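Asks: Protein chains in written order, with the working numbering: chain A, 22 to 842; chain G, 701 to 854; chain L, 532 to 951.
By construction, these hints were calculated from the structure, which means they are not laboratory data.
In this text, all values refer to a predicted model and were calculated from it rather than measured experimentally.
Just so it is clear, CB atoms sit at the ideal spot from N, CA and C, and this is done for glycine as well.
Some hints here could point you the wrong way.
Unchecked claim - Pair by pair, the computed Cβ-Cβ distance ranges are:
hint : chain 1 : residue 1 : chain 2 : residue 2 : range
1    : G       : Arg740    : A       : Ala270    : 57 to 65 Å
2    : L       : Asp944    : A       : Phe135    : 40 to 48 Å
3    : A       : Arg143    : L       : Asp944    : 42 to 50 Å
4    : A       : Glu497    : G       : Gly736    : 43 to 51 Å
Claimed, not checked - Computed list of lysine-lysine pairs in DSSO-like fashion (alpha-carbon distance at most 27 Å, straight line):
hint : chain 1 : residue 1 : chain 2 : residue 2
5    : A       : Lys611    : A       : Lys586
6    : L       : Lys895    : G       : Lys792
7    : A       : Lys421    : G       : Lys716
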Amino acid sequence: MIEITIDDRKLSVEKGITILEAARRNGIKIPNLCFDKRLRPYGGCRMCVVEIEGGRKLASACGHPAREGMVIKTNSPRVRRVRQSVLEFLLVHHPLDCPECDKAGECALQDLVFEYGVPETRFTGERKHAQPDVRGPLIELISNRCILCAKCVRICSQYQGRGALGLIGRGFPTVVQPAFGEVLECDYCGQCIDICPTGALISKPYKYKARPWFLEEKENICSFCGVGCTLTLGIREGRILRSKGREGAGINDGNLCGRGRFGFDYIYSENRLRTPLIKEGDEFRDASWEEALTYVARSLSSIRDAHGPNSIGAIGSPRCTVEDNYMLAKFMRAGLGSGNIASSEAFGYAGALRAFSLSFGIGSNPADLASPLGRDVILVLESDPTITHPVFGLNILRAKREGSRLLVADYRETKLTRHSNTWLQLRPGTLVALLNGMMNVIMDRGLFDRDRVSGIRGFSSLEAVVKEYTPAMVSEITGLTGEAVTDAAVTFANAPRRLVIMPLAVSENNKGPGSALAAANLLILLGEEPSSLQVPAEYCNTYGMLEAGIMPRGGGMDVFDMLYKPGHLRALYIMGEDPLVSMPDSRKIKNTLRSLDFLVVQDIVMTEAAELANVVLPASSWGEKEGHFINAGGLRQRIRKVVEATGKSQPDWQILRNLGLAMGINLGAKSFQDITKEADDFIAGGRREAEGAPRPAFHPVAYEPEEPCDSEFTYTLVTRDVLQHSGNMSTRSEALKLVQAEAFLEINEKDAERHAISDESHIKITSRRGAVYLRAKVTDAVPEGVVSTPVHFPSGGINELTHFSGNTCSRLDAVKIERVK
Amino acid sequence: MFNDTVLKEIEGIKAKYPDRRSALLPSLYIAQREFGWLSREAMTCVARSLNLPEAVVRGTASFYSMYKHKPAGRHVIQLCTNISCMILGAGKLVDFLETRYGVPANGTSGDGRFSLVIMECIGACGTAPAMLVNTDFYDNLSEKRIEEILENYK
Amino acid sequence: MEKVLLKNIDNPNSADIGEYRKAGGYRSLAKALQMQPADIVEEVKKSGIRGRGGAGFPTAMKWNFAMADPKFPKYLICNADEGEPGTFKDRPILEKNPHLLIEGMVISGYALGAEYGYIYLRGEYPAAKDILEGAIEQAYKENFLGDDILGKGVRFRLSVHQGAGAYICGEETALIESIEGKKGQPRTKPPFPVNVGAWSMPTIVNNVETLSNIPYIIEIGGEAYSAIGSSDCPGPKLYCVSGFVENPGVYELPMGTSLRDIIYKHAGGIKDNGKLKAVIPGGISTPVLPADAIDCAMDFVAMPKAGSMLGSGAVIVMDESVCMVRVTYRAMKFFEHESCGKCTPCREGTDWLRKILERIEHGKGREGDINLLSDVAGVMSGRTFCPLGDGAAGVVTGMIKHFRSEFEEHIRDKQCKFRN
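Looking at chain A on its own, in the form it has when it is part of the complex (with noise of 0.2 Å):
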């Protein structure tokens, strides 16, 4: 610590920081255009100047490292002088248009002339001449408000990695833009429309929508992915206008991605569910909450009753908040007496959770979003975070930037295969083979410490499994280079401080719950603990749902028994899910909710489960209901109504809560807190049950080959995630769908040569269980011979082509491409 003294206050500050910082750590503002504190110093605005004594010239705060003994002035006549004479330079050519620009009244530039004073407009000549406006989907930019202070274009690049705007020309004619042209194709993670301290850069569905000093800002926790962030919503007369990040708040700390900023408008869908509904022939028609309720509640205790409890499944949802969740496993339990508890994470993070349990000895597992900085190596599984869980994607550059070797394993081109040390390149499917050669190539080196690691559960039988997995042969798997799997192996095994990162999606099926044993075997080889597997759940209460209850237990049937085999139930429960879109082999689940005496769907849509539904219940959603989701760090946050419920809908704990009561149950939970109270005590129980140490054990895996392609079916289908979207629920976002409205199929340009398909081609594109229809993207993206698809959009139908195995995980699945003529 050094002493400082600013403003006549003398002040102790950690050594090494700039002023500006020492300044904003103890509460003096130092006004400034271009510092953002996620970002190198740039010092070009030069409104940070300060006074330090001694000093011949004014320094820039931002730059400047404060020094023992420093006495500094931050408004002195002359360092408010050379602010004036900024901004006068700044008014020369920037327009006086804050009349229609969205950003009066929160602009920067606006409250700083309003500060230091008008200056006289000593410039007579002409202004800048207008440069081209920027335009896209979500962000445009308006040049001739632009003050070079280069936020943007350093924000996208430096701290998103996208770089997908440049500073173009030099000197006084340079203008920020797109490489070429004046459409921007970027990201849309708008990071440089809150960056701006101008209205150069703006949010199209915001744009004059509101003057923010009408707007009430109230913070929710963002109902996307499972990093959790905290959204600063606009809005007016009742509904939310815009979202943005605040410096300070949540664990984004002023962070967001397009979904949360552009996605809330799925609320908003015209698809929203506005009252229950009840089926009679082909028809839903209009129903009365009392109807609707009495008619659910006769036929589910008939069926009951007839034929058991077991009869009887239900589905939770990550989307739901814990109350919700707690609320349907406690219906189901204590009401009706059914254990058959299930959701969609059976394909995704419920396995991480069973390779936790089997790996470590542990019940949970929650990630860090932290995790990556300070890491000697980062090893990224078949898996682009920043896409999945692109605020904690943000840590995995920043930990790069900071010296951390990144290697990233996967057969695609993503933004982390361009910013790794070492992109492996393998065939997708192959992860297991890799991370077995590895521990081949670590245990053949003994790079590892056997005398503590030979006594470990599994230690032999890892050993005898692993042996085979020779660099050569795991060349021949995977096709790497035997040379690139012995460095690898070599890197990871002797860098000090490492880690793992791999969420297991849903939506993917290039990798499972056997990835992640081998991943969890390979980092207990080297003695390490459960904290260097980052397996982030996916959705933003996913870790929520699982711990409010929503898992078959005591018998009870998961989804592979009660979706995929008809003739199990008799009666299901859906809410806030649609296995048709979300889960694979579609067309078995269509036949088994085909089958059922009686389905009941709850949502805040029309999905297309619920079009075979006999009751749809509307729900409220996000932002129209109190609640708590839990993010993928465990981490429990409130969320809030903040405008009022759409049509007769009503929170999904309400509803079932209410349903209780048609069926002469009592569920307890008179009010919110009551239920919140008492979900919290449960989730309490299970993580005090789930405590102690880790007991790790080795469970060895061995690569199993996929679906294997052959003359007919060429192509390996690799499903995923595409940034804009998250879940199908972003799907019903008008703004998200400006930038990706509906499926498409990604395969490599020789390929699509071969093929004679073009950009927007239609493409039929069949497997083994069914064939659906696709626009096709050329790209190099992809390598030959793989094809690959994000499953967001109901429309697509992806699934229908998919399959899994052996109640584990998704497969990759053989398919033939055709050209639609």
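Given chain A, put chains G and L in place with the hints provided.
Replies: Frame of chain A, contents of chains G and L only:
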């Protein structure tokens, strides 16, 4: 995309530096040689061969005045008009080039024979005025001498 | 004075390694490799040499900073981005005496513990690129460069990095950005390049002329060297004289030769017996001196006292036919064109100044324009990110100070009456 020979040349350049981005300026010169100027395609090739975002490539290229950001004539005249050259008559030579060869300052003649780039100092102040034609250097210029020199650039 | 930097350049094959060696070249390297690196630095320190790029920072001090940093590898970069208008002093070394520079770099690299060197050569010198690369190839062949130089186990690898036309890259942090493949925009200092330079490693950036002095310092010893020229900034100095003199060119003279002697004794006086009006003594970023102010020693210490700076030693001589408004306008066009655009005062200020100067020169000046020029220059001065903005402001301030009446005439008469 660049052909294999060019890609190899770029790999050779990358090897001279500790990171790939450092090869950007030399690679842009190569792209300019291959495409005649830094067209969109040329910059895309550079971006792909160095694994850099296109906006980074374009932004960097646009900072430097010796890259050609539009198609140029067959021969590029780079004439210095900075002070030492200016006071010794470079301004008149600019006018001369326009009237005699139809090549405007920072433009290209109608017949596509010459482009004229107004340069800042090219380090020939002792023998001013001076110019480069492509990469050939000429100094002590006068209207007559320019006529003689340009005879060699058809 | 014996020629050191321009030695042998009249030999048409002076760039050839054979000719260079015949004249004694690479002997200093052999001598240096017998010495301890610290002793070499000591000699350089004793020599008192100051950097020839313009700022005049003591070379040994810069070296010591870099050596004190424990990080490796270290990089040695030769600044051959000679862009200051009026300057053409490094060019004869680069084109006619490349081995002198290479020898200087290998010695310096050995002394500094830097194994990698780059010559950042301005794009405007395409001929020099071929010559330097040819010379480097020769030096590798004869084992003056490589992984085991002269069998002493010393490694130094050298290559040429060609700039692409940006004056600001002469600023050392901008130069480093540029070598890293970025826009040449200066970096925030501290950290200084000697600690965090190219690729975040300790980096020493020295001018061509500075590095070319090193073999001579090793040859005659620091003490003997320090006896040449001015006592507080000794050594031979290259002065380049252009404009209205009888014999423009590069002159190697002892540091501190008077400006009057440079113009009248060495460059042959004013062309066609004209009358001297003004001199820009150190490249156009240095303030102009009127005809009666040329009795000053051209070195780093004396010139500021005389109201200007040594800069790059680029003397631009102007006679009575030259319009000072036009010169100022042209200079400002240059600064506006070369401003990197990073900081507000320089980016906006140069544009504004240029526009005012343009209208004055074209007979459209307004009352109050001169004060406006002074004001704008005043708020730029000392407030820009790097010295480019200071230079631009200084030119205007200096010109108005000495030639205010000429500006007033332009505004009053609504025209420019000068021939040049």
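Asks: Starting from the hint list further up, note which numbers the structure goes against and sort them upward.
Replies: 1, 3
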